[in-house]
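Based on the provided sequences and hints, a complete structural model is requested.
These protein sequences, in sequence, are chains U and Y.
The working numbering applies: residue 206 is where the first sequence begins, and numbers increase by one.
The working numbering applies: residue 206 is where the second sequence begins, and numbers increase by one.
Source of the hints: derived by calculation from the structure; they are not laboratory data.
Values in this document were obtained by computation on a predicted structure and should not be read as measured data.
It is possible that some hints are incorrect.
[Stated by the list, open to error] Capping the alpha-carbon separation at 20 Å, the derived lysine-lysine pairs in PhoX-like fashion look like this:
#1 K227/Y / K228/U
#2 K228/Y / K227/U
#3 K416/U / K429/U
#4 K431/U / K416/U
#5 K251/Y / K227/U
#6 K251/Y / K227/Y
#7 K280/U / K251/U
[Stated by the list, open to error] Quick look at which bits of chain Y chain U covers, simulated, 3 or more residues with Cβ under 8 Å:
#8 216-224
#9 309-323
#10 342-353
#11 359-368
Glycine residues also receive a C-beta, built at the ideal position from the N, C-alpha and C atoms.
Protein chains: 2
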Amino acid sequence: MKTITSIHQMHELVSLAKRQGKKIGFVPTMGYLHAGHAALLRQCRKENNLCILSIFVNPKQFGPAEDFRRYPRNKKHDEMLAKKEKVDIIFYPSVKTMYPTGYLTYVHVRTLADHLCGPRRPGHFDGVTTIVTKLLNIINPDVLYLGQKDAQQAVIIAQMIDDLNWPTRVKIIATVREPSGLAMSSRNSYLSDPERYQAQALYRSLRMAKKLIQAGERRSGTIKQKINAQIKKNTLARVDYIECVDAKTLVPLRTIKGHVIIALAVFLGKTRLIDNIQVRA
Amino acid sequence: MKTITSIHQMHELVSLAKRQGKKIGFVPTMGYLHAGHAALLRQCRKENNLCILSIFVNPKQFGPAEDFRRYPRNKKHDEMLAKKEKVDIIFYPSVKTMYPTGYLTYVHVRTLADHLCGPRRPGHFDGVTTIVTKLLNIINPDVLYLGQKDAQQAVIIAQMIDDLNWPTRVKIIATVREPSGLAMSSRNSYLSDPERYQAQALYRSLRMAKKLIQAGERRSGTIKQKINAQIKKNTLARVDYIECVDAKTLVPLRTIKGHVIIALAVFLGKTRLIDNIQVRA
Chain U
206 MKTITSIHQM HELVSLAKRQ GKKIGFVPTM GYLHAGHAAL LRQCRKENNL CILSIFVNPK
266 QFGPAEDFRR YPRNKKHDEM LAKKEKVDII FYPSVKTMYP TGYLTYVHVR TLADHLCGPR
326 RPGHFDGVTT IVTKLLNIIN PDVLYLGQKD AQQAVIIAQM IDDLNWPTRV KIIATVREPS
386 GLAMSSRNSY LSDPERYQAQ ALYRSLRMAK KLIQAGERRS GTIKQKINAQ IKKNTLARVD
446 YIECVDAKTL VPLRTIKGHV IIALAVFLGK TRLIDNIQVR A
Chain Y
206 MKTITSIHQM HELVSLAKRQ GKKIGFVPTM GYLHAGHAAL LRQCRKENNL CILSIFVNPK
266 QFGPAEDFRR YPRNKKHDEM LAKKEKVDII FYPSVKTMYP TGYLTYVHVR TLADHLCGPR
326 RPGHFDGVTT IVTKLLNIIN PDVLYLGQKD AQQAVIIAQM IDDLNWPTRV KIIATVREPS
386 GLAMSSRNSY LSDPERYQAQ ALYRSLRMAK KLIQAGERRS GTIKQKINAQ IKKNTLARVD
446 YIECVDAKTL VPLRTIKGHV IIALAVFLGK TRLIDNIQVR A
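Rendered as structure tokens:
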């Protein structure tokens, strides 16, 4: 396993791999790796000749009041996990390397960031699409692996790749959960024990909502209310949003129909957690 | 010489070329090819194993009141010229192929479009950076050839490629001119004979300005005034702008210093012409 910090070196390495006809799989992360990342890496390892992991806490996708500085980092642990998952290359650039003085260019996907986390985190998704554009150009992967847990991010990146014509396939990998149902997230490390206990309620409420739909409920207002009630009853959380959206356009639905994502964001103390579940109605 | 209209076919072809270790040169154009394009193609042919030309009149870089519909097109002529310049592949996609229904993604370079043509053509440079991003992802060239005639476009694209990390070198090729000094442009075909005669004054005024600077003049106000007077005296043109800007930041200068571009845009009848000259002071 090699750790590379220079863009030029990555370009050279990728160019050689292409000449050798190697298939490149890529897992972009912000590090502090957990079982969710491991699932992406395992799939990537299985399906490609070259398995590349990037670790970069991207300042452009954090708002000024958000947790960029305190976002958890642990290079030693990440390297150990990457080695265990047989990663070939870790791309580990500095902020200065990715955003040198005089940096000016941004990628924007219209409308898809108008809902869910978009309005609550202004600029976040432009930060995401911009860094992913850079990483795609540096690594030129055949396949990009993303987690379903960040559902809106996955939809936006897939749309961007389709629109901007990289020859890259996107694979969305199912959310990995703790036995309690809590979705794996680097930000779970912020949670106190009581908060972590309460956090189980998120996925439980999403499963309840899915069952309601499967039992015939089609009014999204009713579904959102019941999720909200369950979270209020079992946690001290402040709900940021609960929404039922079309899985492709991310537009909120009054009536459940077709392929739907039920998504939520809540604050448990200072920690913002997101989760989602998919239903076909 | 092959003409390809499908993005997927281009991806396949480029991927094969990469496996064969071929160096790819790329000249993006809107067609109606002239001696300026031919100079780009000749350089591209000389320096690469695969010489790819794209022809696509990009609707996203035209304003609603601009000349998208009447922009000159002549596929037969373009193919003949391309063949003569030993182009390997013409990429010739439809608007529907490049911007299918539901298209949402745009690339924006900050500040560099705040001057010169930027404020006069709102959205133009976002259209340019977006289509060039798409073409770079489709063709994945080692070298991209651009004309110095579109100076602001060249600076913006070079910045974008640097910022977004494609492994692509940019080469800017000197403006090709008619014997009269008029810069080659597909839009010259709009000019009546009297307008074409008057259009000589543009480059003549730029050369005059360069000589003034070389003789020691440093006040950009004086230089712009003299250019304006010369154009007013010799043409019926309406001046859109005359500006002395820093060659890297494109910021207008009060005092000429360093690497400078003197750029202008004028309307001759309904036709908008641009030209520029570089000076080091």
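These are the hints, each one checked on the structure:
Between K227/Y and K228/U the CA atoms are separated by roughly 18 Å; this keeps the pair inside 20 Å, and the hint holds. Restraint check for K228/Y and K227/U: the C-alpha separation of about 18 Å stays at or below 20 Å, so the hint holds. Of the pairs offered as hints, the one joining K416/U and K429/U holds, with about 13 Å between alpha carbons and a cut-off of 20 Å not exceeded. Distance check on the hinted pair: K431/U and K416/U sit about 12 Å apart at the alpha-carbon level, within 20 Å; holds.
Simply put, K251/Y and K227/U have alpha-carbon atoms about 29 Å apart, too far for the 20 Å limit, and the pair is violated. Taken as a hint, the K251/Y and K227/Y pair is honoured in the structure, with Cα atoms around 13 Å apart against an allowance of 20 Å. A C-alpha spacing of about 24 Å is found between K280/U and K251/U, which places the hinted pair above 20 Å, so the restraint is violated. Here's how the region 216-224 of chain Y fares: 5 of its residues keep a CB closer than 8 Å to some CB of chain U, so the rule of at least three is met and the hint holds.
Residue count for the region 309-323 of chain Y with a Cβ under 8 Å from a Cβ of chain U: 9. That meets the three needed, and the coverage hint holds. Here the region 342-353 of chain Y counts 3 residues with a CB under 8 Å from a CB of chain U, which clears the bar of 3, and the coverage holds. Only when three residues or more bring their CB closer than 8 Å to a CB of chain U does the claim for the region 359-368 of chain Y stand; here the count is 3, and the claim holds.
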